[in-house]
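Novice: Residue numbers (the working numbering), protein chains in the order written: chain A, 1 to 300; chain B, 1 to 344.
There may be inaccurate statements among the hints.
[Stated by the list, open to error] Keeping only pairs whose Cα atoms sit at most 20 Å apart, straight-line, the calculated DMTMM-like set for lysine to aspartate or glutamate is:
hint, chain 1, residue 1, chain 2, residue 2
1, B, Lys99, A, Glu193
2, B, Lys109, B, Glu153
3, B, Lys99, A, Glu194
4, B, Lys172, B, Asp183
5, B, Lys121, B, Asp184
6, B, Lys99, B, Glu153
Simulated from the structure, these hints should not be mistaken for laboratory data.
Computed from a predicted structure; not experimentally measured.
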Amino acid sequence: MTASPPLQTVQGAGHDPAPAPRRRSLLRRQVIPGFTLSMGITLGWLSLIVLIPLAGLVIRASGLPLDRWITVLTDTRLLAALRLSFGGALIAALINGVLGLIVAWVLVRYPFPGRKLIDAMIDLPFALPTAVAGIALSALYAPNGWLGSLLTPLGIKVAFTPLGAVVAMVFIGLPFAVRTVQPVLEDIDVELEEAAACLGASRRQTFWMVQLPTIAPALATGVSLAFARAVGEYGSVIFIAGNLPRVSEIAPLLIVTRLEQYDYVGATAIATIMLAASFALLLVVNILQKWNRDRQGGTR
Amino acid sequence: MIDLQQIHKTFGAFTALDHVSLSIPRGRMVALLGPSGSGKTTLLRIIAGLEHADGGTIRLDGQDATDLSARDRRIGFVFQHYALFRHMTVADNVAFGLKVRPRDSRPSKSEITDRVNTLLKLVHLDGLAGRYPTQLSGGQRQRVALARALAVEPRLLLLDEPFGALDAQVRKDLRRWMRRLHDDMGLTSVFVTHDQEEALELADDVVVMSQGRIEQIGTPADIYDNPATPFVYQFLGNATRLTATVQGGTAHLNGWQLPATAPDGPAVAFIRPHDWTLEDAATGANATLRHASVLGSSLRLDVTLQDGQDIEVDIRRDAGQAVPAAGSALRLTPNRVAVFPATA
Chain A
1 MTASPPLQTV QGAGHDPAPA PRRRSLLRRQ VIPGFTLSMG ITLGWLSLIV
51 LIPLAGLVIR ASGLPLDRWI TVLTDTRLLA ALRLSFGGAL IAALINGVLG
101 LIVAWVLVRY PFPGRKLIDA MIDLPFALPT AVAGIALSAL YAPNGWLGSL
151 LTPLGIKVAF TPLGAVVAMV FIGLPFAVRT VQPVLEDIDV ELEEAAACLG
201 ASRRQTFWMV QLPTIAPALA TGVSLAFARA VGEYGSVIFI AGNLPRVSEI
251 APLLIVTRLE QYDYVGATAI ATIMLAASFA LLLVVNILQK WNRDRQGGTR
Chain B
1 MIDLQQIHKT FGAFTALDHV SLSIPRGRMV ALLGPSGSGK TTLLRIIAGL
51 EHADGGTIRL DGQDATDLSA RDRRIGFVFQ HYALFRHMTV ADNVAFGLKV
101 RPRDSRPSKS EITDRVNTLL KLVHLDGLAG RYPTQLSGGQ RQRVALARAL
151 AVEPRLLLLD EPFGALDAQV RKDLRRWMRR LHDDMGLTSV FVTHDQEEAL
201 ELADDVVVMS QGRIEQIGTP ADIYDNPATP FVYQFLGNAT RLTATVQGGT
251 AHLNGWQLPA TAPDGPAVAF IRPHDWTLED AATGANATLR HASVLGSSLR
301 LDVTLQDGQD IEVDIRRDAG QAVPAAGSAL RLTPNRVAVF PATA
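This is chain A alone, in the form it adopts within the complex (with noise of 0.2 Å):
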């Protein structure tokens, strides 16, 4: 079964008529009309939204001179900030890439009595406003609160810790998790379960070596947005995180501090380096993703 040579190789290309001038062929050749109008629609508006915006945060940040990045850069209290920020966001975005897979794993799988209902609350730290988040969960794990109450005689301070950011980071980047496993794990077909079984797999082999590497690349998008969502958050973590400087205290708060404090320059330089670090690893995430991609055979 040889496919037959292509039909381009038995057309010599020297002696076809010269083909008619292709200038602007990219526009004109599309088979889908409107290419033009909904491009520039596009350029637009992510310039208006997003481009614009950024850079106009990076522009202000390079008139910066170089001794004063120094000063910015190796301030203690804003590396704790950063450390905390991302450092709270990974462990957030792994616990969420845990659970938000159990999650999803059990809302498709098993049908059971309140599954809608418990569907739709996943949804509920995308819609609440995260200060009401914020204020609940430092009632619930302040010392006097219900879960607080239980946690302090085991020795373990949740509220106004840095423990308590990681929680709020948690509750808000669980949907990013469920949402983006979800319609993946709808999607896998059964009868690769069945394949494994009847090849002799056990359900931890089919497990392991099927079904998770088949939602891996999904997984890791998730995990992905839902760290990119804990790094920016704000409003639920001030609230219970008590903004020790250096201690239980979030980037994002500082550039409020130094805002507050009119030092402009100082809250461009952290903003900046918080775009630059963030842009970094979720560009590391994609790189992995289309190596994925690629190594399956691309189609999927």
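Go by the hints and put chain B onto chain A.
Specialist: Relative to chain A, chain B alone:
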């Protein structure tokens, strides 16, 4: 040797299998043939352990396997859409069944590699070991699925519509190749199909199913020549269904008197298009030609019998023979007739 006794399965109010019994001797290739909804795929899945029967027993090589899980049955299953693991290469797909074995019975890495290479050679896919399933054609994917199922040395190979998703030419080639592979490797296999040509060409035994029941089991020749029920007659090959009346062991139909075992009363008679003899109409015509068409070496006649029933007749045609004109009177005699009581 696979032995099924009284397998029963319902899905809600729908009876998928109605007390089916079937045994499959070692080394045979068996086709489960039937229209969609006849229960053939359900039966296959129950044999594999992917579906649980509501009642009945399954014995594999004399040992009761009714409650054995799919995992412990050592039955290879090739899915209609192959169900290949997309994130694994062809070689990893084939090696899967060996890699998941418990440590004490797992072959060593190099043994697995050897075995995978042998299997890939067998299915003519050596050289594609490093590809991913999405980079393969339909026929290639099917052969990967086959190699993967064979890797665990199953005692029985099950194939669900194995050629269903392929285009006509590939299907023909693969069919022949599959039959050869079955014989060369000494496999025992069961495949599901709704294509009678496929079943007749490929199988040693054909099991014709309808509405959750087995209508007939037999060799292809058996099934074609001596269909046991009106359903088999209509489903396999072309047959014209005619109404007749039976009286005292004789069926009366369009002036013919035909031997019949059916009880007295209304009956249905089945006659295949090539089971007619065309005689000289001068001795008394009993039919009228509506249309004649030349199909290469045979002549297809659309005929109306004197009693008003329409039939199809295929007769041999010699080169240069004149084609009878529409409207001409014919005298036809049936060579083989099967008469069943008209219950349905």
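Novice: Mind listing which of the numbered hints don't hold for this structure, in increasing order?
Specialist: none
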